[in-house]
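Trainee: With chain D fixed as given, assemble chain A onto it according to the hints.
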Amino acid sequence: TQLLEQSPQFLSIQEGENLTVYCNSSSVFSSLQWYRQEPGEGPVLLVTVVTGGEVKKLKRLTFQFGDARKDSSLHITAAQPGDTGLYLCAGEKGNTPLVFGKGTRLSVIA
Amino acid sequence: DSGVTQTPKHLITATGQRVTLRCSPRSGDLSVYWYQQSLDQGLQFLIQYYNGEERAKGNILERFSAQQFPDLHSELNLSSLELGDSALYFCASSVLSGGAPDEQYFGPGTRLTVT
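Chains as they are written, first to last, in the numbering used here: chain D, 84 to 193; chain A, 1413 to 1527.
Chain A on its own, in the form it takes in the complex:
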């Protein structure tokens, strides 16, 4: 158990809908990352938050947004869903202290199926 929790575990929804994925980081971790993993694309970095502020953006679509709340949990919002958005979505957290390697701990993921 990494200490990172994600809900829900599975999500099935229709095209055009909107969903929210939730992540709680390990106790003490200030940084949260969101990744998308599909069979052909590998693990794609979407976005990073650090202590409530957006820190880095990767290949995140405009239809997707995220935020990190004062209690450090994070939510990833996916809207106007398309079939191609079906994937595993992972949240990871890290301490991210200056000078030390950024060792990330991953949650169990949310499997999103868009029908």
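Chain D on its own, in the form it takes in the complex:
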């Protein structure tokens, strides 16, 4: 059973379009992190959200943590080819290691 479900699995869009990817769970997390991974490289931490309902912005990326701290979304405005990559969410529960979702593979076509 996958604790964190990410959707969609794959997304291919044109440059300039907006998109939202989701990270859902039936479990409550103390924090949730988003990472981006490019082919052949390690995941890079983008943001950490801690408070239910929290919204964080990183340039064209907007991250939201659900009110109940069970889910999160990542919205990208005016996507660019440089946004291409695998987006992973990871949830933290107490003292247990991070649990990663399987990711959304985004391709932005110029």
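Because the hints were derived from the structure by calculation, they are not lab data. Source: prediction; values computed, not measured. From the three backbone atoms N, C-alpha and C, an ideal C-beta is built for every residue, glycine too. Fair warning: there could be bad hints in the mix.
[To be verified] Which stretches of chain D does chain A cover? Using the computed rule of at least three CB atoms under 8 Å from a CB of chain A, they are:
no., region
1, 109 to 119
2, 122 to 130
3, 178 to 190
[Claimed, not checked] Below are the BS3-like pairs computed for lysine-lysine, each with C-alpha atoms no more than 30 Å apart in a straight line:
no., chain 1, residue 1, chain 2, residue 2
4, D, K153, A, K1469
5, D, K176, A, K1469
6, D, K153, D, K176
7, D, K176, D, K142
8, D, K185, D, K139
9, D, K185, A, K1469
10, D, K185, A, K1421
11, D, K153, D, K185
Mentor: Same frame as chain D, now just chain A:
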């Protein structure tokens, strides 16, 4: 650059062999994690060390072992290798201070190919 280093970058070996992957964490980070990533399984947590002690174990096979040394670098040993062990192996490190989110910083990975 995350500050986490991993060697080697690539490793090609035969079935039945044993290999050692090495990781140096970011300066000041006491916690080291090992992950395996394959196309169909995503990022799988293997094991965590904190200041030299094993802290958590995930889906690590008995053929695999790890340790963290006094200088905080870590090694992952993979033995009796099988074709299915071919994957990317990542090391990550974090400060892991109580009460703060466990933000992990990943190394560039080691790509292991078992032939």
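Trainee: Taking the hints in turn, state whether each one holds.
Mentor: These are the hints, each one checked on the structure:
no., hint, result
1, 109 to 119, "holds (count 4)"
2, 122 to 130, "holds (count 6)"
3, 178 to 190, "holds (count 8)"
4, K153(D) - K1469(A), "holds, 24 Å"
5, K176(D) - K1469(A), "holds, 15 Å"
6, K153(D) - K176(D), "holds, 11 Å"
7, K176(D) - K142(D), "holds, 28 Å"
8, K185(D) - K139(D), "holds, 22 Å"
9, K185(D) - K1469(A), "holds, 19 Å"
10, K185(D) - K1421(A), "holds, 23 Å"
11, K153(D) - K185(D), "holds, 16 Å"
Every hint, counting from the list given before, is met by this structure.
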